[in-house]
Amino acid sequence: NSTYTTELRNRNINVLPGTPFGAASPVLGDEKKYFHKSSISTCFFALVYNFQRLNRDQRLALRALIDRKKIVDRFFKLGTEQQRKIANYKGAGNNYEDYLNYSVFPTTSYYVEEKVVNPLKEFPPPDLSVLPDTVRIYTNINQGYKEELSEIAGILNDPSVFGGRIKVNAASDQDIARGDYDAVLVPVSGYRSNFLFDLYDVFLREPSFAVKKIHLETQVNGKNERVADARSFQKGKNFFGLDLSGASADHADTEKLLEYVYGFMATSEIGDKQAYAQYLDELDQKMALGSWLFSLPSLAYFSTQFDAGSIHLYGIASQLSTIENWREKAK
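Read in the numbering used here, the sequence shown has 192 at position 192, and its numbers run on one by one without any break.
For the record, the hints were derived by calculation from the structure and aren't laboratory data. Hints may contain errors.
Capping the alpha-carbon separation at 25 Å, the derived lysine-lysine pairs in BS3-like fashion look like this [what the hints assert, rightly or not]: (1) LYS212 to LYS223; (2) LYS256 to LYS223; (3) LYS167 to LYS146.
Since the model is a prediction, treat every value here as computed from it, not as a measurement.
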């Protein structure tokens, strides 16, 4: 419950980090001493499904089983004395459902807010008979977001939440690289919840929590256009186990997925980006690529000795934020 001091541009301003966990601090309960400010969310959590282990029927059943609202209610301790309060950058408070995601494009993003994509939110009851007795999920809690990932894992493992059908294990990068999982719980961080969105970081990131490496290969086609090469999707080169090296029931749709991801990232035309976003969301609804759980609200707390209107946040506000300009409140 102490105040942390970080090296800022204007030196030694006390800033309290305000993740949902920090927000529970009783120090912050005194509104006379502290105010908070939120930036646009820059991290979301997802369960990405392993195509080498789960067929389409199994992925559809698992997607229907995962109730993201149950996870968020437990994560933020809704209805308890320990309920974690949040606010978005527009000023709305405790708007938990706004952070539930139903698409690779988060609900807080431009693409959903402006109805460019219309994510599927209702699913039929899951056919549990097609799922393995225990769905094995891996995550690495030693490379960032340790508290958040640990808490989500605990919620997923609770038999009262998903009937004991899910088992989340903390795993090393070496364990994850072997691909011996049905799904991986991953944080996707560093995106901006507006027009810009890094789909390479979602679909083409090599399966490592410690190192961020994108596996993208391109070629020039007969029309002298640069396009994504099928070698971009190789088993062992992405969390999903997506692979175009051989025949599979998902091969044609996986080719489309690579085309759409590359098209979205390569274009700078607004209309093209919107079209590719629609194609991707519709394909995800069909293929069941994963469960896009929720975005993490970003908060920072400041002493009320500063004029709230003078503070500008840069970076991820849930970390120790930087402040470029500030002034003390007039006495």
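Hint numbers contradicted by this structure: 1
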